[in-house]
Amino acid sequence: MAIILGAGIIVKLVLLLLLSFSVVSWGIILFKFFQVQRAKSESERFMDFFWKSKRFDAIASQVDRFANSPLTVLFNEGYNELKKVVETDSKSDGSALSTDLGGVENVSRALRRATNSEITRLEKYLTFLATTGSTSPFIGLFGTVWGIMTAFEGIGKTGSASLAVVAPGIAEALIATAIGLVAAIPAVMAYNHFQHKIRVLINEMDSFTTEFLNIVQRNIAGK
Amino acid sequence: MSAKPLRIDTGMGVSFIASAVIHMAVFLLLVWWGQLYPSQMAIQETYYVDIVNLPVANPQSGSSAQKPGEAESAPPLAQPPPMAKPSPSKSVPKVGTKLVKPAAPQESVESESAFAERMAKMERNSEARREEAVLEKLRSRVKTGSSAKIGTPGANGTESGSRYGDFIKSRLEDALKVTSYSTTKKPEVAIRLFISADGKLLRMKMERSSGDVAFELAVRRAIDLASEKFTAPPNHAVYENGFLFKPKGISNGTSR
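Just so you know, the sequences run in chain order A and B. Under our numbering, the first sequence has 24 at position 24, and the numbering climbs by one with no breaks. Under our numbering, the second sequence has 190 at position 190, and the numbering climbs by one with no breaks.
Since the hints were made in silico from the structure, they are not lab data. Computed from a prediction, not measured in an experiment: that's the story for all the values here. Some hints could be false.
Some chain B residues flagged as far from chain A (calculated, every beta-carbon gap over 12 angstroms) [said to hold, decoys possible]:
#1 G199
#2 T231
#3 K246
#4 K248
Covered, in the sense of this in silico footprint (three residues per stretch, anywhere, with C-beta under 8 angstroms from a C-beta of chain B), are these stretches of chain A [claimed, not checked]:
#5 19-27
#6 209-216
C-beta atoms are modelled at their ideal positions from N, C-alpha and C, and glycine is treated no differently.
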């Protein structure tokens with residue numbers, strides 16, 4: 001505590017900046033942790049429910065139970081697009097879908113768009129973790145360099161270079177690097193962890209898209 | 001036309017608050033830990049050693065002044081006796097050869113013990129000088145007479161120029177500071193004290209009561225406490241004096 005209070009104004013500002021980085025990083029870590037956990041567990045439950053159900057409209061009526069799953073969003077988008085295609089088809093002569101499969105392409109595009117929006121949502125704020133992880137040690141190092149410069153200036157003025165004179169200044173300076181590392185290490189670890197989890201969810205979304213399109217194509221082609 | 005979004009992500013504010021709380025908790029933990037186990041980074045007291053005048057066995061031993069191949073030099077030799085005509089039977093000691101010859105381990109042990117003995121002797125001399133200085137100071141105080149103690153805590157009121165009544169008053173005031181209590185009132189108690197020729201409190205007579213029982217009790221306790229420090233009056237007769245006790249101090253009455 002005395003080390004922080006005894007530091008210079010620049011070092012104190014650096015420490016304040018690093019502290020704010022750390023607070024925001026941990027806020028994002030907590031938020032992302034619960035978001036990804038909810039997405040994962042509800043996706044598993046949704047897939048069970050999806051494969052047990054026989055009809056899309058029955059699934060559509062129950063999607064609110066799995067609101068945090070990205071697959072639900074995909075299903076919703078795909079189902080809505082499919083409904084539109086079927087409505088358009090019923091207004092026309094009824095042979096368009098079975099011949100050129102243009103409606104399946106529409107559903108595929110809708111699913112791709114939903115996938116992208118879900119990836120964006122899941123990866124939101126992760127850039128801050130990456131920024132914190134990469135820049136905090138350097139910001140801390142800047143504080144340390146500044147503190148050592150100030151300490152050496154003081155040593156030059158006093159004219160004494162004993163350990164008792166040099167050590168406190170160096171200790172005050174090094175605290176900035178320590179805080180920088182304290183902010184950076186959890187941020188980097190969390191960033192890697194969430195990247196892995198989100199990649200798994202993206203794979204699940206791709207698999208679901210493929211399955212959904214297969215079902216649509218099978219049913220439409222079977223008409 | 002896109003579908004209506006199913007949800008809106010919430011909980012960011014709660015996460016930030018939780019993060020701030022975690023940081024605060026860690027900070028308080030560190031502060032508590034720092035108080036529990038204070039830092040050992042205390043500045044060591046610096047001792048300056050007069051290496052010029054300090055007698056050492058081997059001044060150059062282990063220092064950069066000693067050359068790598070140079071043998072360890074012997075301790076300084078004792079001063080030879082005054083120049084005298086050498087007797088033919090005695091051979092002159094070869095000092096030069098002794099210096100060049102490397103010191104044997106036995107000699108080294110002897111030199112170390114001699115060094116330790118010399119250091120102990122110096123310390124004893126220093127201690128003796130310090131004691132002598134203190135004694136000298138005490139002697140000079142005794143010589144200057146007792147007038148130097150007037151007005152000092154060691155005075156007993158019998159010194160020339162001092163008043164015994166003031167001495168008693170001073171002791172009572174000191175005691176009253178211990179026994180007194182804070183009050184918003186302004187009580188005044190007049191008490192006459194009788195002190196025997198050998199300095200003992202014979203009796204006390206309350207001449208005027210204040211009506212404040214607590215204050216009067218405090219005054220009585222103060223008198224009892226102060227009476228332990230009373231000394232014999234200067235004329236070796238019974239001393240009698242009235243004192244006016246107030247919470248802020250004591251004023252002298254007339255002595256008989």
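> Can you give the numbers of the hints that this structure goes against, from lowest to highest?
Replying inline: 6
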